[in-house]
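Asks: Protein chains in written order, with the working numbering: chain G, 1174 to 1784; chain V, 11 to 279; chain L, 471 to 807.
Just so you know, these hints were derived from the structure itself, not from any lab. Don't take each hint at face value.
[Said to hold, decoys possible] Pair ranges (Cβ atoms, derived): (1) G:A1388 - L:R500: 45 to 53 Å; (2) V:G40 - G:R1657: 31 to 39 Å; (3) G:A1183 - L:L518: 41 to 49 Å; (4) G:A1183 - L:A662: 58 to 66 Å; (5) V:E159 - G:G1699: 48 to 56 Å; (6) L:D582 - G:L1190: 20 to 28 Å; (7) L:G549 - G:R1273: 36 to 44 Å.
Backbone N, C-alpha and C define an ideal beta-carbon position, used for all residues, glycine too.
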Amino acid sequence: MIRSSRGLAAGLAGLGLIAVLAVAAPLVWGGDAAHLSGAAREGASGAHWLGTDALGRDVLARTLVATRLTLVMTLSATAIAGTIGILLGTAVWVAGPRVREAGLRLIDVMVSYPAVILALAVAAILGAGTAAAVVAIGVAWSPAFARLTANLAASVAGRDFVAAARLLGVPPHRVLVRHLLPNIAEPLLVLLSVAFAGTLTALSGLSFIGLGVQAPSYDWGALLNTGLDALYTNPAEALGPAVAITLTGVLASFVGDGLAAGADPHRIGISGRLKKAPVPVAAPAADDGEALLTVAGLRVSAGGVDLVDGVSFTVRPGEIVGVVGESGSGKSLTAMAVARLLPDTVTADAGALRLDDLDLLAGAAPDRLATEIGVVYQDPAASFNPALRLGGQLTEVLRRHRGLDRRAARTKAAEALAAVRITRPEARLRRHPHELSGGMRQRAMIASALLTGPRLLIADEPTTALDVTVQAEILDLLREANRRDGTAMLFISHDIGVIASLCHRVLVMYAGRIVEELPVGDLVAGRSRHPYTRALLDATPRVDAEGDGELTTIPGRPPAPADRAAGCAFASRCALAMPKCTEEPPAAISLGADHRAACHALDQKVEENAS
Amino acid sequence: MTLPAEKAAAAEPAAGKLAAEHVTVVFGHGRRAATVLDDVSLAVPEGTTVGLVGESGSGKSTLAKAMVGLVRPRSGRILLDGAQVSGLRGARLTAARRRVQLVSQDPNSSLDPRMRIGRALAEAIDPRRADPRAHAEQIAAGLEMVALEPDAARRYPHEFSGGQRQRIAIARALVARPEVIVADEITSALDCSVQAEVLNLLARLRAELRLTMLFISHDLAVVRHVSDSVAVMHRGVIVERGDIYAAPAHPYTRRLLASAPSLPPKETR
Amino acid sequence: MTAAVQEAPAPPPVKAGSRVRNPWIGFLLRRLAGLAGVLAALVVVTFLMVQLIPGDPARALAGTDATGAQVERFRHELGLDRPLPAQFGSYVSGLLHGDLGTSFQTREPVADVIGGRLPFTAELALLAIVLVLALAIPLGMAVAVATRGGRRRRLDAAFTFGTGLLGATPEYVLGTLLVLVFAITLRLLPAAGASSLSALVLPVVAVALPSTCVLARIVRRETAVVLNQDYMRTARGRRLPPLALYARHALPNLLTSTLTMGGLMLTAMLGGTIIVESVFAWPGLGSRVVQAIINRDYPVIQGTVLVLGILAALLNLLIDVLLGLLDPRTLTARSTS
């Protein structure tokens, strides 16, 4: 699973060379390094590239020869740290809950102490010397391994597949070898390379201050120490070991970075930003003179791939329009494009994107955007800033864009909280978001979105993270706001039942396009026409129907955005598909008032009926 | 199909294949202690599917873990074929555990990302050796049961979609030849059409294998679709069981049913 | 976690903990208890340092050419001939009276030795820590904002390479190079000593620069994570000017995660300081303890390790308090790191 990178490759290659040097250098330059040339403390010259030391020995040769001892010490210390740490971490994790708790606390405390202080204590006990330094640094680095091992083991052990293995009767030691170790190996490898760089630095540091390798042996740190004394006469003498220590450390950290980048889910899937030339809008939006929101030919793309592909619709004043679709259909991207809140990695363009007289495409004024569009997000736990009190977050727009003072803004915010039936609103404003329950947070989010009396409320899966009873309360609140203030809404959900119970009109999205648009009455009365809409309805189990009926499934999966066919994206899964379907995209055909569907099969039926 | 309604919520359930008897589970100690399950009794009769509905924090997943032996009850017993399995240790625990298998919610966590599907199924067949070559036929049969090709065995979990991974998790549970399956929110992370696939698969397996199953979900419609009888859980207590859809008695059940967004039954279409 | 806590009417649900009590009380009580534990551990460890010397401590301390009688006199002088509990008792009671013993080498009271040296180490370390925070946080944030969503790949690469290189350079190597360039070649700044304010510059830079690079990378990564959070989208939805967006909404959150991870690094800088002192002949605890270890001057070693340990503990406590101020949720968490 480790993905290669240039840094990783360069680091490994460099360390490989240094390893070769460690083996070969004492054999090749061992004589030079010990040879007393009689020319003490000479500057760099053709014969001695880095000059000579106080006894006239060649500094370059000594630096190269010291590679072996330095590397052996570093590897030994890393091995000691890894072995002690991993054993300790495993022991702590295997132990009972009480011991584990205490052990983890202890390891935490040990990790938070500078390794150098720990190493000084060990060096003080064992006395200055090579072995003492290796043991000291090895021991000092072991808590880091112990902590990582224990934490990783705990997190992996908490995953369902480990529970499954236990239930299947897999013996504990096999669970460890088969499931735990492979899943924690990668982060441990990263730590090993970090620890290699760290122990190199620390060991050389101990030798540098005279607590490590003692004369006549020498490593890079000891050479740097004598180099420091000669800094005024031959600066090159310090330069050799300085470069050697730094270079090796940098290479090891490159390896660590490369390994970590391969393992880090954050880094995966960052796609390039490729702005595509605007595509001419295929079909103009249904001309709707009374529209509040007009979206025409909306296209959202990432890395040159269209995620939303030419979506057109309108929302009238006071109307709740629902957008339903499965994951990847582009419904949330559509909503966020309207709100002008798309992530940095995707770009949007459209033939028209207008909220009444406000053009959302041409940099609309921030104060109008902030006050005329309210947004409610999917996850109420994540959508409030955890570090700020509720009051500050709720009053922000009023103070920034409406020029209200703190007191007036707080009064309005408290009223808004009361309006969504939050008790003791004044007190809640002084709370942090995490002190509220999930349902209450979402109600506060709705209050925040409605605070400025927006003309359009965009709700992106606002009830998905909530329990069904809480969902019902949230839907009630939205209905109430719609009736009381006439707020128009664009409501996104994957749940066709929720859409049917709240909205006036429904847009069904599939693979980045709207496939059907119909009044909710038609949907509820079973008058939907597009094969996908019908399949979606048939796939939904009913709470009011006796079970056991076979649900309709849709064969295959939705195509990935990059693989969408030239024609209808649903064609490969559609029972009614014709050759034409894969070739040309179906145009929306009118099937009644506010009822349109994009399907060649329907087109044919309409034609047949007409003839 | 519906069992004789057991109207009184606290009533003793009929002895089942798998049963919880007065199970109480407490997490934490002292001041931080929280009672997650409070004197819960629930039986799953042989060859039937019992649905368990509840909202987040109601304790339904804890009951699932207690039923399969991953959580130790503070008091009460878990019975399998009338014999107590809670509190067993060592080899007898292992033997009892294999008879009840758990399928869990998260398709990203239910399979080991570093293990090929074949090996995961081989481990279910032979937990010690886990050699996919020795059980190739059984593995292929297991995959076929959940409508996957035999060559799926050579691939890794990340090569499959969420619904496919849940089907593989079901196959892994099935090849262990358990007597009972506990399914904990197995469709809640899935899209509607994918959920339908998994639900249809369960329906087929119930008919073909006479599965005994405890099916846990927050979704009333899904539970109704797959279960012979349903119990409602609220704050660690089973508040109602039996025919909750036609004649809900407990106020919480009524609130739950009223909250569920409904679509018209298909007959009108 | 409180994922199980859902709002509902009717009887109050079972909740862990209550929100009536001030979370700071519990937090401070726990932390002070932790601090006491750490102090106790430090006392035990420093006490055992002498006992753990392989072989006969008295012989090791008296030197290889000491006669048997000298060793015995030494043993008696140090109290090593008394039973262990009695030795520990007098060690602890000494500590309680501020008596850290007497240096073998100079016959000075250790408390005086440390008292004379500690200010220099504290000055160096604190200045360096302030410098690291003042440089790394703006730098990391600026780079994260500038390169968000894959923008400015070259800046990204340059930042990654530059901080990678400098971050992996040990403080003492950097110190040596700084002396070479600024003191010897350019003759701009003094190479050693602590006689003038300008003498502070090179040591502080040597200690601070590598850590700045490491922390800037952490800040950059954490900022990138924070910028992708849902609450940042909510804040963008309020159409705030960039300063309010980044300073008010992003900064507190990324400071939380940065301090959680970078806190370890800040205490580790104490270690860097100790070694760098040798480069610049800085009259701090570090250069003194090195001398003491070479001379096996145990009372000084014990005292210094104890004081450095306390410094690290106080630094950790300070970080935890800062975290608590920034994000109250960490107050109730069992462990911050």
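Asks: Each hint should be assessed against the structure and marked as holding or not.
Replies: Do the hints match the structure? See the list:
In this structure the supplied range 45 to 53 Å holds for A1388 (chain G) paired with R500 (chain L), their Cβ-Cβ distance being about 49 Å. Checked against the given bound of 31 to 39 Å, the beta carbons of G40 (chain V) and R1657 (chain G), roughly 48 Å apart, lie outside it. Between A1183 (chain G) and L518 (chain L) the beta carbons are some 45 Å apart, a value that agrees with the proposed interval 41 to 49 Å. Evaluation of the 58 to 66 Å hint for A1183 (chain G) and A662 (chain L) yields a failure: the beta carbon distance comes to about 37 Å.
The hinted range of 48 to 56 Å is not satisfied by E159 (chain V) and G1699 (chain G), whose Cβ atoms lie roughly 36 Å apart. The hinted window of 20 to 28 Å between D582 (chain L) and L1190 (chain G) is violated, with their beta carbons roughly 52 Å apart. For G549 (chain L) and R1273 (chain G), the Cβ-Cβ distance of about 39 Å falls inside the hinted range of 36 to 44 Å, so the restraint holds.
In this structure, the hints that do not hold are numbers 2, 4, 5 and 6, in rising order.
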